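A.B. asks: Please model the complete structure; the sequences and the hints are all you need to start from.
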Amino acid sequence: MSRSITVVTGGSRGIGAATCRRLAADGHDLVLGYVRDTEAADEVARDVRGAGARCVVVRADTAVEADVERLFEIAEEQVGPITGLVNNAGVTGRIGRLADTPTDVLRAVVDVNLTGTLLCSRRAAQLMTAHGGGAIVNVSSAAATLGSPGEYVHYAATKAAVDALTLGLAKELGPDGVRVNAVAPGVIDTGIHAAGGDPGRAERLASGIPLRRPGRAEEIAAAVSWLLSPEASYTTGTVLRVAGGR
Numbered sequence: 003m004s005r006s007i008t009v010v011t012g013g014s015r016g017i018g019a020a021t022c023r024r025l026a027a028d029g030h031d032l033v034l035g036y037v038r039d040t041e042a043a044d045e046v047a048r049d050v051r052g053a054g055a056r057c058v059v060v061r062a063d064t065a066v067e068a069d070v071e072r073l074f075e076i077a078e079e080q081v082g083p084i085t086g087l088v089n090n091a092g093v094t095g096r097i098g099r100l101a102d103t104p105t106d107v108l109r110a111v112v113d114v115n116l117t118g119t120l121l122c123s124r125r126a127a128q129l130m131t132a133h134g135g136g137a138i139v140n141v142s143s144a145a146a147t148l149g150s151p152g153e154y155v156h157y158a159a160t161k162a163a164v165d166a167l168t169l170g171l172a173k174e175l176g177p178d179g180v181r182v183n184a185v186a187p188g189v190i191d192t193g194i195h196a197a198g199g200d201p202g203r204a205e206r207l208a209s210g211i212p213l214r215r216p217g218r219a220e221e222i223a224a225a226v227s228w229l230l231s232p233e234a235s236y237t238t239g240t241v242l243r244v245a246g247g248r
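If you're matching positions, the sequence shown starts at 3 in my numbering and goes up one per residue.
There's no promise every hint is true.
Quick list of simulated restraints, FRET-style, between CB atoms [said to hold, decoys possible]:
| hint | residue 1 | residue 2 | range |
| --- | --- | --- | --- |
| 1 | G239 | Q128 | 16 to 26 Å |
| 2 | E71 | R38 | 16 to 26 Å |
| 3 | E79 | D178 | 21 to 31 Å |
I should point out that these hints are in silico values taken from the structure, not numbers from a laboratory. Owing to the predicted nature of the structure, the values given are computational and were not obtained by experimental measurement. Heads up, the beta-carbon is just placed ideally off N, CA and C, and yes, glycines get one too.
C.D. replies: This is the structure we're talking about:
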């Protein structure tokens, strides 16, 4: 039985890193895309290879079309025909009110979270359609339906757009044998909160979560892996909320 070959963007940290490790354990060979931290990306790649999987590391900014083209070109040339894509790369910008958010931050969040996801999805759709099938999983957010007032309304808006993309592209690609789904994490204990300027946010919000704790990156990775697997073969156009009840 041939192994799955999956591209994971933003694979060097947080949910992306946990997803790479989980997919390797579940029989995927990986193409790990990252934008900044080479050392972290290489560490994840070592773990992936230690699990018996192949792993190619590619530095690529998903908001840049040429980088996306190169990411998939390297994937196909060095690993093989792509069967899966995890659109995980994402940024929040600094936590704060929309009225106080600089334009360059707004544009960066839209460029990475939405334009980057569109560019990667488009390229994957072209390749998977030609190959006769595949699966795409977008990493959305519970923020898409909560709105995140006072924190990052702009981020929530991009994730709502990702949900719309998931539904529309699933309908568009279903006849070609390509499934498209999303996972919507809630508050997950990763470095994204510190990057947004509030390192204690996950624990601070725990009391407002029905399960009374933040989630773990590994719990999101498990959902991603299921959606990519044959067990989810009749699941498409679905946004799977993994948010502790929020």
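A.B. asks: Out of the numbered hints, which ones does the structure contradict?
C.D. replies: Violated hints: none at all, because every hint is consistent with the structure.
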